[in-house]
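S.K.: Chain by chain, the residues run as shown.
There are 2 protein chains.
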Amino acid sequence: MAEQDKTSRRGFLAAAAAGSVLAASGAHAQGAGARAADKAITELPDWSKYLGDGVADRPYGKPSKFEAHVVRRDVEWLTASRQSSVNFTPLHELDGIITPSGLCFERHHGGIAEIDPRQYRLMINGLVDKELVFTIEDLKRFPRINRVHFLECAANSGMEWRGSQLNGCQFTHGMVHNVMYTGVPLKHLLNEAGVRTNARWVMAEGADSSGMNRSIPLAKALDDCIVAFRMNGEMLRPEQGYPVRLVVPGWEGNMWVKWLRRLEVTDMAHLAREETSKYTDLMADGRSRRFTFVMDCKSVVTNPSPQAPLLAKGQNVLSGLAWSGRGTIRRVDVTLDGGRNWREARIDGPVLNQSLTRFYVDFDWQGQEMMIQSRAHDSTGYVQPTKDELRKVRGVNNIYHNNGIQTWLVRSNGETENVEIA
Amino acid sequence: MAEQDKTSRRGFLAAAAAGSVLAASGAHAQGAGARAADKAITELPDWSKYLGDGVADRPYGKPSKFEAHVVRRDVEWLTASRQSSVNFTPLHELDGIITPSGLCFERHHGGIAEIDPRQYRLMINGLVDKELVFTIEDLKRFPRINRVHFLECAANSGMEWRGSQLNGCQFTHGMVHNVMYTGVPLKHLLNEAGVRTNARWVMAEGADSSGMNRSIPLAKALDDCIVAFRMNGEMLRPEQGYPVRLVVPGWEGNMWVKWLRRLEVTDMAHLAREETSKYTDLMADGRSRRFTFVMDCKSVVTNPSPQAPLLAKGQNVLSGLAWSGRGTIRRVDVTLDGGRNWREARIDGPVLNQSLTRFYVDFDWQGQEMMIQSRAHDSTGYVQPTKDELRKVRGVNNIYHNNGIQTWLVRSNGETENVEIA
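First to last, the sequence lines map onto chains S and V. Each residue of the first sequence is one higher than the one before, counting from 1 in our numbering. Each residue of the second sequence is one higher than the one before, counting from 1 in our numbering.
A few of these clues could be false.
One copy or any two copies: either way a pair holds, since identical chains are not told apart in the list.
Only pairs whose alpha carbons sit at most 25 Å apart, straight line, appear in this in silico SDA-like list of lysine to any residue [unchecked claim]: (1) LYS49 to GLU67; (2) LYS187 to GLU131; (3) LYS392 to ARG196; (4) LYS140 to GLN366; (5) LYS65 to GLY54; (6) LYS278 to SER164; (7) LYS220 to ARG411; (8) LYS140 to GLU114; (9) LYS313 to PRO117; (10) LYS65 to ARG331; (11) LYS140 to ASP281; (12) LYS62 to SER379; (13) LYS62 to GLU114; (14) LYS220 to ASP281; (15) LYS62 to ARG107; (16) LYS62 to ASP74; (17) LYS65 to ASN418; (18) LYS220 to ALA199; (19) LYS278 to GLY54; (20) LYS62 to ARG73; (21) LYS49 to LYS278; (22) LYS62 to ASN198; (23) LYS313 to ILE145.
It is worth saying that the hints were derived from the structure and are not from the lab.
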């Protein structure tokens, strides 16, 4: 249906054409924008004239065709193959604290396992009184909880250790997402199996072709881990571990084993590939930190950012995300001038434990260059450090656990770049 | 890929085959279930042997092919056309409190308007100092908030006024959804326009082909209404009013005007079709209640329910939703025996204002027939009434505002029916 051909002049919005356009939005009243506006408010568009699709056309809905640019993106040179790679959340295209399931970042080690839920089984073995095997329906018969938690890859922002590398918060910070999980507290399943007194760890293993596995201290497993089968109300998405994944609140994403098929209770850590060769932190002196499980307090300004420049002078909204693996976000500071002046951001929306938290700064912009940073404080009193403070302690060999303060340079034309303050 | 052909025997799970299957799930250890289980734990499935899809294959993800039955459904005989109809949320297939955007119930009066956001405009006119026109980018420059709210159609459960009609909570209660909205408090836009002292109402009008409009009292508009452009983090879905809808917390869904194009500030109600001929409550004496905006406190058991029977004896989880347009949910009672005994349900997950709230009852089932009901209490002290209590006051001419207690009969084979207790 050709939109131009079918539009006709109608007077019903003519009063508005002569009315004042929002004073603050000067940029929209100039050039091509103004011509578009005139047409938009004096001509009745097709969607006001013709019946649209009916209800039977969309049993499972999807975004508008005009939002086709809002997608996960990978970085092809980053990994050897697409089956062992990362697809980043478009943080600059989102708001609030819930990540839509279709846009949650994904990381695979052997591609996406497509599991038939009727054939799915979860086994608990090792240092237990009874070895057990559960179907999905078995799991759904245990007491169930709902929790909103962020999942962050330990390597999120890892490419930034040696200086600014990637131009967009989707790539610098997009290995994080935040959804509501529904599942069974792991402690219920372990109690059903009967954990022996010499048990100290639980090895979680995936059913994907990589058999990805990690060791989890028994104390954490019995504390707050969840054997989850739902995200944002519906069953897990295939790339998020359908039908069952482990949720390890506040800890590095690699431990949240997807397509979970086995939990082996042991007296020592499994020392799997993913906790020795990988997901250990190589220090300047050649030694490695290991078992650095907790994701420290961190934040990032998502708008403006390199993929989301400032569009107009006058009133603007700066938006960002803060999170901590140790508790809740207590405060976020924002600077527009590279750290000379800080103001407290306005936190809005639910402030939940080990969850993304949304903050805003409403500000007036007159075209000045800005160096924007955010600095989060969590409920333990911890304050997000600068990248240089981190480098002093950990060197630059490491790719994991970079929770340093990020800097965006906003140019006078609104374009925004990833920079570091020397 | 033929799953049967490619599976091979492997010993790695052999120990589990001899181990005990969860004692509570007796039903799964019998008949076909047991044979499937044996195969599933002794043969390595394809998804553990072959690489799956890589990250580039799913820029915007979707559910597993095994979840294809989890969809919105309409009732063809209910309305004259699919462009003026309802598509119901599959409540029995969901958990937690967030409704996935693709499964949110939809109600249209002229089909789904597919709006080009570059051509979108919102006008404020009427009793204001300055008539204003906003683009999407203009709206994004006002201070922004995030709120989780339920949206319930006033006609939800309306077909049940005269007795049990529809066999499934998707159809009896599925005209409700619950998402996190991001948008601008309406008061900011009205303040920008300057509301005149004689103003009392705001008429909200949609840009769809029906030009759907409703009157909202100015006090509500200035209190908590939101001009929303996002749901669950991303831009609104087309069928939910992309790019802009009104959010009217706790009030009937018809007032949450989608594809919002105009707000006219007036000194009296517009007396539009949707608040006179429709969305008024015809009483037994032939008079109508009008402006019955608030959605009263209500609840429903989503599992078990007619579309989700009980599958096995032993430990089971009853799950349900409660909500109130007047505040938060304070308590939910559940009976399994038609009201002779009530127990307090376990509420789990965030308890938010004017939001769906999830409750559970963990119970043991030995095959007895059950009459299941839930009864919600809200923060004002209001207690959800029975259907008969409602009928005594309002008769049975009406289809709106049925918040009565729902009854499911669970048969000894687990099958569940929509019934009424005489």
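S.K.: Would you mind marking each hint as holding or not holding in the structure?
M.R.: Evaluation of the provided hints:
For the homomeric pair LYS49 and GLU67, the shortest alpha-carbon distance inside one copy (23 Å) is at most 25 Å, but the shortest distance between copies (36 Å) is not. Taking the shortest alpha-carbon separations for LYS187 and GLU131, only the intra-copy value of 15 Å comes in at or below 25 Å, while the best inter-copy value is 60 Å. Neither within a single protomer nor between protomers do LYS392 and ARG196 lie at most 25 Å apart by alpha-carbon distance, with minima of 43 Å and 61 Å respectively. For the homomeric pair LYS140 and GLN366, the shortest alpha-carbon distance between copies (17 Å) is at most 25 Å, but the shortest distance inside one copy (56 Å) is not.
Taking the closest pair of Cα atoms, LYS65 and GLY54 come within 25 Å of each other both inside a single copy (17 Å) and across two copies (24 Å). When the C-alpha separation of LYS278 and SER164 is checked against a cutoff of 25 Å, the pair qualifies only within one copy, where the shortest distance is 23 Å, while the shortest distance between copies is 59 Å. Taking CA atoms no more than 25 Å apart as the test, LYS220 paired with ARG411 passes in neither setting, with 46 Å inside one copy and 41 Å between copies. Proximity of LYS140 and GLU114 under a CA criterion of 25 Å is satisfied intra-copy only: 20 Å inside one chain copy versus 39 Å between copies.
Taking CA atoms no more than 25 Å apart as the test, LYS313 paired with PRO117 passes between copies only; the shortest distance there is 21 Å, against 53 Å inside one copy. Proximity of LYS65 and ARG331 under a CA criterion of 25 Å is satisfied in neither setting, with 37 Å inside one chain copy and 42 Å between copies. For a Cα distance limit of 25 Å, the shortest separation of LYS140 from ASP281 qualifies neither inside one copy, at 38 Å, nor across copies, at 41 Å. For the identical chains of this complex, LYS62 and SER379 are neighbours neither inside a copy (37 Å) nor across copies (36 Å), given an alpha-carbon limit of 25 Å.
In this homomeric assembly, LYS62 and GLU114 come within 25 Å of each other (Cα to Cα) both inside a single copy, at 21 Å, and across copies, at 12 Å. Taking the shortest alpha-carbon separations for LYS220 and ASP281, only the intra-copy value of 21 Å comes in at or below 25 Å, while the best inter-copy value is 54 Å. Proximity of LYS62 and ARG107 under a CA criterion of 25 Å is satisfied in both settings, with 23 Å inside one chain copy and 16 Å between copies. When the C-alpha separation of LYS62 and ASP74 is checked against a cutoff of 25 Å, the pair qualifies both within a copy, at 21 Å, and between copies, at 17 Å.
In the homo-oligomer, the alpha carbons of LYS65 and ASN418 never lie at most 25 Å apart, since the shortest distance is 30 Å inside one protomer and 40 Å across protomers. Within a single copy, LYS220 and ALA199 get their C-alpha atoms as close as 13 Å, which meets the 25 Å cut-off; across copies the closest is 58 Å, which misses it. Taking CA atoms no more than 25 Å apart as the test, LYS278 paired with GLY54 passes between copies only; the shortest distance there is 20 Å, against 51 Å inside one copy. Taking the shortest alpha-carbon separations for LYS62 and ARG73, both the intra-copy value of 18 Å and the inter-copy value of 16 Å come in at or below 25 Å.
Taking the shortest alpha-carbon separations for LYS49 and LYS278, only the inter-copy value of 22 Å comes in at or below 25 Å, while the best intra-copy value is 59 Å. With identical chains, the CA atoms of LYS62 and ASN198 are never at most 25 Å apart, being 50 Å at best within one copy and 43 Å at best between copies. Taking the shortest Cα distances, LYS313 and ILE145 sit within 25 Å of each other only across copies (22 Å), while inside one copy they are farther apart (46 Å).
The structure does not agree with the numbered hints 3, 7, 10, 11, 12, 17 and 22 stated previously, though it agrees with the rest.
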